[in-house]
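As you go down the protein sequences, you meet chains W and X in turn. According to UniProt numbering, the first sequence is numbered sequentially starting from 1. According to UniProt numbering, the second sequence is numbered sequentially starting from 1.
Calculated directly from the structure, the hints in this document are not laboratory data. It is possible that part of the hints are untrue.
Cut-off 30 Å, straight-line C-alpha distance, at most; resulting in silico cross-link-like pairs (DSSO-like, lysine-lysine) [said to hold, decoys possible]:
no.	chain 1	residue 1	chain 2	residue 2
1	X	22	W	58
2	W	226	W	196
3	X	204	X	234
4	X	42	W	228
5	X	3	W	58
Residues per chain are reported as follows:
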Amino acid sequence: MNKEMLEKRANHIRQNIVRMVYEAKSGHPGGSLSATDILTYLYFEEMDINEKNVSGIKRDRFVLSKGHASPLLYAVLSEKGLLQEEELSGFRKIHSRLQGHPNMNYIDGVDMSTGSLGQGISAAAGMALAGKIDETPYRIYTLLGDGECEEGEVWEAAMFAAHYHLDNLCAIVDFNGLQIDGDVRDVIDPTPIDQKFEAFGWYVEHVNGHDFDELSKAFTKARENKGKPTMILAHTIKGKGVSFMENNYAWHGSVPNDEQYIQAMNELKEESV
Amino acid sequence: MSKMATREAYGKALAQLVEKRKDVIVLDADLSKSTKTADAKKAAPNQHYNIGIAEGNMMGVAAGLASSGKVVYASSFAMFAAGRAYEQIRNSIAYPKRNVKICATHAGISVGEDGASHQCIEDIALMRVIPGMKVFQPCDEASTKAIIAAIADIDGPCYVRLGRCAVESIYQDYTFTLGKGHVLRKGKHIALIASGLMVQEALKAADMLEEEVTVIDIDCIKPIDQELIVETAKNHNVIYTIEEHNVMAGLGSAVAEVLAPLGLSCRQIMIGMQDQFGESGTPQELLKAYGLDAESIVEKIKQTK
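Pulled out of the complex, with its shape left as it was, chain W reads as follows:
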């Protein structure tokens, strides 16, 4: 693992996230920035996905269950060379492949159409079951929001994945503590998410979601863990990397104005790859 390289990539991804939302005048920066380091690690260190295998299904796959973090997914795919960077400017605009929430039919590398919360983890579990049926060794990753865990379907899927011993499934919860209406604990408290997943029969790991060493250890353990699906509870900062967005739920789905955009890009200006 080249940590310095990962940091540069994550920084560049964050620049693109802010730029996409700014150019679209629409989108969700807060929860995209909080999960940037997680996805950077996944796509550059963990998952088997590249230009050659991207159009197929016999590779590791990723389901963005928190589909509103679409700027993050598109920026990561671009960083990975699976999307042209120029295309990011089409985000949320008419006749673009970069829909507000991801559409799998438009882009190789978008492994499930998501956006309606709670549904992605079910689809990921279905893919993991298919892997077991076919005895193919691919792994399925899915990213959920902490607020998303308020959806009942998440727990239906959690029960299902444990029942069928889907140890090829790894869910990551982006625990930034904030949802649109405020602190998750104030809206309707989904915690303790870790103990709940454990009680549902999952193997659970805790990480600082901005620390590549911890992410590396957790994903390695997830891979080695047999008989149970893994949930990685990633403690993150909503809006990470842009000072005025950090830990402010108002930035869940808000767009920076010209001044804020310049400030954000200045803060993220330092070294990219």
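Given the coordinates of chain W, assemble chain X onto it according to the supplied hints.
Relative to chain W, chain X alone:
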């Protein structure tokens, strides 16, 4: 005449299908003995998965399996498939065009004694309005078996509406063609266009009427046989659409959508649930109570023709 519920025919057809095709995976939500997917489980235990009482998750899992090259048949009662899991079907299956066949049993009021909570009279409407969803409602054993086999080769989402009660054999010789209806009887002036359980009632009604009437089975509700409907409207004075479903947005509406722009002189009268919930009772009592048995259909025709 032999009788068999379309759900029974589904179980038998599915059992044959899973033996023949290893890429077919069957999902059920704890109702496999009622939906009859248990037959498929017996035939190929490794191709059947019980998801438990979690229909929303079942549709998502189906989407994931279909994304991995499987042809998925997912079953529950119509109320819980089309009703409870509507949004999962819409967003996880239909929007990304996943190859999932939702085969929903116990549709309509003929569910009987369980009452209105289990009598789905809205599912044709719910499924028909989803872009790209194909909707089928076979009326007997032969047509059910043919449709269940045929949709395995149709890429994309399909909804099949099946019933609880035994129904009479309508077809000696049945051939399925996507988007084609079936003229069962040719008459003049009056045409009865029915689907599912209502086909046998329509045929009985036709027997009871003094004049010769046309009877048509629409088992492929979407895409619907526009050509046949237009031709029928041109050659008849009145079309009666007959469905075990709310008259709003079901078969009758599908027929009206074809005819409305043409301004033909043929009238259309919709027989079905008149925007009301059902109740407990035997299926036959319920059909009579809500005007859906042959006698009630005849009476309605005499009053309105």
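Hints that the structure is at odds with (numbers, increasing)
Going through the list in order, the structure violates hint 5 alone and respects the others.
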